[in-house]
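**Q** Each chain is listed here by its residues.
There are 2 protein chains.
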Amino acid sequence: MSLIEPRVLKGFRDFLPPQELERRNMVEKIERTFRSFGFVPIDTPALEYTRILLGKGGGETEKQVYRFTDQGGRDVALRFDLTVPFARFTAEHRSDLPLPFKRYHIAKVWRGENTQRGRYREFTQCDFDIVGSAGAGADFEILFMMQKTLGALCGTGKGAVTIRLNHRGLFNRFLESLGVGNKSVEILRQVDKLGKTGKDGVHTLVEEITGKEIAGKILDFVSLGEEGDFDRVLKKLKAAVGEGEDTRRLETVGKYIKETGAADSFVLDPSITRGLDYYTGIVYETFLNKLPGIGSVCSGGRYDNLTGLYSKEKLCGVGSSIGLDRLQAALEEIAGPGPRGYADAALACTEGWSAGKAQVLAEQFRSRGITCEVFLEIQKPVQQFMAAEKKGIPWVIIPGEGQLVLRNIERRENREVPDVEAASAIIAPAAIPGHV
Amino acid sequence: MSLIEPRVLKGFRDFLPPQELERRNMVEKIERTFRSFGFVPIDTPALEYTRILLGKGGGETEKQVYRFTDQGGRDVALRFDLTVPFARFTAEHRSDLPLPFKRYHIAKVWRGENTQRGRYREFTQCDFDIVGSAGAGADFEILFMMQKTLGALCGTGKGAVTIRLNHRGLFNRFLESLGVGNKSVEILRQVDKLGKTGKDGVHTLVEEITGKEIAGKILDFVSLGEEGDFDRVLKKLKAAVGEGEDTRRLETVGKYIKETGAADSFVLDPSITRGLDYYTGIVYETFLNKLPGIGSVCSGGRYDNLTGLYSKEKLCGVGSSIGLDRLQAALEEIAGPGPRGYADAALACTEGWSAGKAQVLAEQFRSRGITCEVFLEIQKPVQQFMAAEKKGIPWVIIPGEGQLVLRNIERRENREVPDVEAASAIIAPAAIPGHV
Chain F
0 MSLIEPRVLK GFRDFLPPQE LERRNMVEKI ERTFRSFGFV PIDTPALEYT RILLGKGGGE
60 TEKQVYRFTD QGGRDVALRF DLTVPFARFT AEHRSDLPLP FKRYHIAKVW RGENTQRGRY
120 REFTQCDFDI VGSAGAGADF EILFMMQKTL GALCGTGKGA VTIRLNHRGL FNRFLESLGV
180 GNKSVEILRQ VDKLGKTGKD GVHTLVEEIT GKEIAGKILD FVSLGEEGDF DRVLKKLKAA
240 VGEGEDTRRL ETVGKYIKET GAADSFVLDP SITRGLDYYT GIVYETFLNK LPGIGSVCSG
300 GRYDNLTGLY SKEKLCGVGS SIGLDRLQAA LEEIAGPGPR GYADAALACT EGWSAGKAQV
360 LAEQFRSRGI TCEVFLEIQK PVQQFMAAEK KGIPWVIIPG EGQLVLRNIE RRENREVPDV
420 EAASAIIAPA AIPGHV
Chain B
0 MSLIEPRVLK GFRDFLPPQE LERRNMVEKI ERTFRSFGFV PIDTPALEYT RILLGKGGGE
60 TEKQVYRFTD QGGRDVALRF DLTVPFARFT AEHRSDLPLP FKRYHIAKVW RGENTQRGRY
120 REFTQCDFDI VGSAGAGADF EILFMMQKTL GALCGTGKGA VTIRLNHRGL FNRFLESLGV
180 GNKSVEILRQ VDKLGKTGKD GVHTLVEEIT GKEIAGKILD FVSLGEEGDF DRVLKKLKAA
240 VGEGEDTRRL ETVGKYIKET GAADSFVLDP SITRGLDYYT GIVYETFLNK LPGIGSVCSG
300 GRYDNLTGLY SKEKLCGVGS SIGLDRLQAA LEEIAGPGPR GYADAALACT EGWSAGKAQV
360 LAEQFRSRGI TCEVFLEIQK PVQQFMAAEK KGIPWVIIPG EGQLVLRNIE RRENREVPDV
420 EAASAIIAPA AIPGHV
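Protein chains in written order, with numbering that gives the first Met the number 0: chain F, 0 to 435; chain B, 0 to 435.
Simulated from the structure, these hints should not be mistaken for laboratory data. Among the hints, erroneous ones may be present.
Said to hold, decoys possible - Only pairs whose alpha carbons sit at most 25 Å apart, straight line, appear in this in silico DSS-like list of lysine-lysine: (1) B:K313 - B:K289; (2) B:K216 - B:K254; (3) B:K254 - F:K356; (4) F:K389 - B:K211; (5) B:K192 - B:K257; (6) F:K211 - F:K198; (7) F:K234 - B:K234; (8) B:K107 - B:K62; (9) F:K198 - F:K182; (10) B:K356 - B:K311; (11) B:K311 - B:K289; (12) B:K28 - F:K107; (13) F:K257 - F:K289; (14) F:K28 - B:K313; (15) B:K356 - F:K107; (16) F:K192 - F:K311; (17) F:K356 - B:K257; (18) F:K28 - F:K9; (19) F:K313 - B:K389; (20) B:K211 - B:K192; (21) B:K28 - F:K254; (22) B:K237 - B:K254; (23) B:K237 - F:K9; (24) F:K235 - F:K216; (25) B:K211 - F:K356; (26) F:K257 - B:K356; (27) B:K313 - B:K257; (28) B:K234 - B:K356; (29) F:K107 - B:K216; (30) B:K235 - F:K28.
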C-alpha cells in the first residue's frame, strides 16, 4: 500500500509538548486571574449558520471565512472571531444571563488569511467582556484586569506592560471642530496605521484626505500622548476640544487608575483609534515594555450595541481580547524557552522491577504534588538518564534497598536519601504539603 | 433592518457558565492526574487534508465527516476523532518525540451524526496513549491512570468505577478453536452489542452466523466474566482456550493490579471486544458504579501499528479515551448540579463607591485565593443580594467604617467582622495562604 505523506494544511500547525505545555500554562494563569475577578467561562460551537456569523455581510471577512454546505444542505461557516458568536449567544440566552454579565471565552477561530505575514489560519483568541454596565467602573475593571493578567503572564507584575487608552468620542469631536467630521472613517483608517507607517507616512495619507493644514493639526493632536503623564495629556486634550462626556469619562477612569496605584502602566494616547472597529467609547491597546515592536497583544474598547443584529434590546458593554499566539511568541522571544520538562521526576526501571510496585512508589511522590513518570523499559542507567534528559526531566529516582538514589540529570550527580519524604524535599521543596 | 434569529445548528450547543465551569473543573482534574503521571499535552489542527483523515476511506465515517473545498481548492475536513490526527502527528514529528511517548489530547471533534439518540455533532474527546512500549507495564499504566482519573472526577476515589478488561487474542483463539476464526469480524460485531441487546438477542444474532451449538459456546464464553474475581475468571479462560501470550499478559496485568491494591476496580470480562476497532491486545471499557446503564465512559486498548498509513515504521501503543460530554451528563445525573457559583464573594457597591478603591479591597481577598466580583452599580442592598443569588455567589461583602459586614445569601444573615483577614477566614477558610 502506498503511504500518505503526513502533513498539515498551509497556515495550520501542530503543538508539540513543549509549546503546548507553555500554552496551557499561559491559559491557566489567564483563567486564574479572570476567575479571581468573578468572570465566568462560556463556550459556543465552532460551526454556525453563515448568516449568523456574517450578518449583513462584510467584504474582507467574507473572503476569509471557511464556509461550506453541510450534509443537511445548510450554509455553515467556522467562526472567525469570538465577538459575533458572543453577540448571538447573548441574544439567544438573554433571560438566563444575570446582568452585568462578566464572561470570558478562550477558543480557536479560523480565517483563510494570506499566511505570508507569519499569520496562522487557526489561532486562539481570549475574549473577556462586561455586558450591561455603562459606567466607568466597568471600563476600569477591564483595564485593571488586563494589567493584572498580563502582569501574571509576564511574571513581572507591575511594569510589564503599557496600556495606551483613548476615547473614540474625543477624536470624533476634534475632527468635527476642524470641519472634517464627515471624513472621520477614512481619517481613522489612516491614523490607525501610525504604528506601522510612522508619523510622516500617516501625515501624507491624511493630507490626501484633508489637505495640508488640517493634516498637520490632526498629527499634532494624535501626538499629544507622547508627553506621558495622564493628567497633563488630558489637560491638553481638553484645551484642544473642550470638556465633554468623553473627557469626563477619561477623568474618572484616570482617578480609578491612580487609586489602585497602577498609574505606571497606563498612558492616555489620542493616537489609539482601533481603526474601523465597532467601538463607541474608550478604546485601548497593550504593549509589552520589553518588546513593544510586536504590536498590541491585548486590545478592546466600549461598544453600545452588542446584539443589534439579533435583538431589539440594546446591550452595551466593554471588553478586550488577548491574541494568545502572538503573546506566546513574544514571551518566548523575551524570556527564551521556559522550563518545559515533561515531569518533575522519573522513576527508573531497575532489576526486579514491577509495574505495580513502581506505580505505588510513584504515587507517593505524586501525592506530594510532584509529577512523576514511571519508566517502563529495563535499560542501563545511562540510557534512562538520557531518556530523562530528552524529556527535560531534572531528576531520576532509583529505588534501592531501604533507600533511594536521586540522579540530578544536569549536574550528573547521584545522591542517596533515606526515603520519599527526603527525596521530595530535594526534588521540589515548594510542593511539600503544608508548604505550598 | 430585519433581525436574524439567534440559534445554533442542530446537534450543536452553547455552554452557559454553570455547565462550562463544571466542564473546566473536570478538565482540570483530568489534566492534573495525567500530568502527575508525566503525560504531556499536544494539539493538532481542527482542519486537515481529507485524504489524511479518511485514509483508505471508511464507509460510515466518510458519511459523517464535515468535508469541503477550501479557498485554495484543497479537499479538507474537520477531524472526527483524535486518533487519526495523532497517528499523522506521530509519523510527522517522529524524530522529535522521545519514546516511549506518553501524551494526552483534549479537544473537540465533529461528526454529522444522526442526532436523534441524544448525540451531539460537536463533542469533546480526551485521549491518552503510550506509544512505543510493548510491555504489560504500559498496559497497566493506562489502566491505573484511568482508575485514578475517574476516581478524581467522581470524587469518591476507589469504588467509583469498574474497568472491564479483556484481550483480543483470547477471543480470537477461542473462535479458532471452535472452527469459526474466519467469521471473527461478524461475530465480534454482534458480541459488542451485549450491553444494548442483551444475552438472548446476541445469542440469536450469533446463531445466524455460527449455528446454534457454537453460538451457545460463544455466549457461555463471554459470560465467564460474571463470576467477578479476576484470578478465577482467568483460570476458567485458560481452561477454555489453553495458555497463550494473551493469558500470560492478562496474568501479569492482574498481578500489577493487585500490587497497587486496586483490584476492586477491575473485572476480567471476555465479553468486552470493542467491536471493530483496530485493537490487537488488551481492550477495556469503564462503567460508573452508580450509573452503569449509561455505558462506557472511558474505553481503549492496545494496537500494534499506529502510523501504518503514513510511515513504514511500526509503532505499537496502548491508549484510552474519555467521552467528556457523556461523563459530564452522567456525573450531573449522579450528584446533581455541582457548586457552580460565579465567585466566592461579591463586593457590594455602596454610597461613595469608587471603582479604584473597590478593586483595591477586592484584591486583598483575591490575593488570599478568594474569587471576588466587584459589583458595579449602586443599588439597594436587597437588589445586590438578589444579584449575588442569581450568580450563585454565597457571600456579599459590604464595606463600612473600620469594619466589614458579611452577608450570607443562603441564610439571609449579616455578620460584622473587623477586617479582610477575619472575613476571609469565614468566606473560604481553606483558601487562606499557609493553610492550603
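**Q** Next, verify each hint and record whether it holds.
**A** Tested hints:
For the given pair, K313 (chain B) sits about 40 Å from K289 (chain B) by alpha-carbon distance, which is inconsistent with the 25 Å threshold. For the hint linking K216 (chain B) to K254 (chain B), the alpha-carbon distance of about 29 Å lies beyond 25 Å, and the restraint is violated. Restraint check for K254 (chain B) and K356 (chain F): satisfied, since their Cα atoms lie roughly 10 Å apart, inside the 25 Å limit. Taking the CA atoms of K389 (chain F) and K211 (chain B), the gap is about 57 Å. The hint is violated against a cut of 25 Å.
Among the hinted pairs, K192 (chain B) with K257 (chain B) is inconsistent with the structure: their alpha-carbon atoms are about 30 Å apart, more than 25 Å. Distance hint between K211 (chain F) and K198 (chain F) is fulfilled; the C-alpha atoms sit about 14 Å from each other, no more than 25 Å. Our distance criterion of 25 Å between C-alpha atoms is broken by K234 (chain F) and K234 (chain B), whose separation comes to about 89 Å. Proposed proximity of K107 (chain B) and K62 (chain B) is supported: the alpha carbons are some 19 Å apart, at most 25 Å.
Pair hint K198 (chain F) plus K182 (chain F) holds up; C-alpha atoms about 19 Å apart against a cutoff of 25 Å. Taking the CA atoms of K356 (chain B) and K311 (chain B), the gap is about 65 Å. The hint is violated against a cut of 25 Å. The hinted pair formed by K311 (chain B) and K289 (chain B) fails the criterion: a straight-line CA distance of about 45 Å is larger than 25 Å. Between K28 (chain B) and K107 (chain F) the alpha-carbon distance is near 22 Å, which keeps this suggested pair within the 25 Å criterion.
As the CA atoms of K257 (chain F) and K289 (chain F) are separated by approximately 23 Å, the hinted pair is consistent with the 25 Å bound. For the hint linking K28 (chain F) to K313 (chain B), the alpha-carbon distance of about 39 Å lies beyond 25 Å, and the restraint is violated. Proposed proximity of K356 (chain B) and K107 (chain F) is contradicted: the alpha carbons are some 36 Å apart, above 25 Å. Between the alpha carbons of K192 (chain F) and K311 (chain F) the distance comes to roughly 35 Å, so the proposed pair goes past 25 Å and is violated.
Distance restraint check for K356 (chain F) and K257 (chain B): the Cα-Cα separation of roughly 10 Å lies within the 25 Å cut-off, and the hinted pair is therefore satisfied. With a C-alpha separation of about 30 Å, the suggested pair K28 (chain F) and K9 (chain F) falls outside the 25 Å cut-off, and the hint is violated. Taken as a hint, the K313 (chain F) and K389 (chain B) pair is honoured in the structure, with Cα atoms around 22 Å apart against an allowance of 25 Å. Straight-line distance between C-alpha atoms of K211 (chain B) and K192 (chain B) comes to about 18 Å, which keeps the hinted pair within the 25 Å bound.
Straight-line distance between C-alpha atoms of K28 (chain B) and K254 (chain F) comes to about 41 Å, which puts the hinted pair past the 25 Å bound. Taken as a hint, the K237 (chain B) and K254 (chain B) pair is honoured in the structure, with Cα atoms around 16 Å apart against an allowance of 25 Å. Between the alpha carbons of K237 (chain B) and K9 (chain F) the distance comes to roughly 53 Å, so the proposed pair goes past 25 Å and is violated. A threshold of 25 Å between alpha carbons decides the hint, and for K235 (chain F) with K216 (chain F) the separation of about 13 Å falls inside it, so the pair holds.
At most 25 Å may separate the alpha-carbon atoms for a hinted pair to count; K211 (chain B) and K356 (chain F) exceed this at roughly 46 Å. Taken as a hint, the K257 (chain F) and K356 (chain B) pair is honoured in the structure, with Cα atoms around 10 Å apart against an allowance of 25 Å. For the hint linking K313 (chain B) to K257 (chain B), the alpha-carbon distance of about 32 Å lies beyond 25 Å, and the restraint is violated. Proximity of K234 (chain B) to K356 (chain B) is assessed by CA-CA distance (about 72 Å); at most 25 Å being required, the pair is judged violated.
Proximity of K107 (chain F) to K216 (chain B) is assessed by CA-CA distance (about 52 Å); at most 25 Å being required, the pair is judged violated. The straight-line distance between the Cα atoms of K235 (chain B) and K28 (chain F) is roughly 53 Å, outside the 25 Å bound, and the hint therefore fails.
Hint compliance for this structure: hints 1, 2, 4, 5, 7, 10, 11, 14, 15, 16, 18, 21, 23, 25, 27, 28, 29 and 30 are broken, all remaining hints hold.
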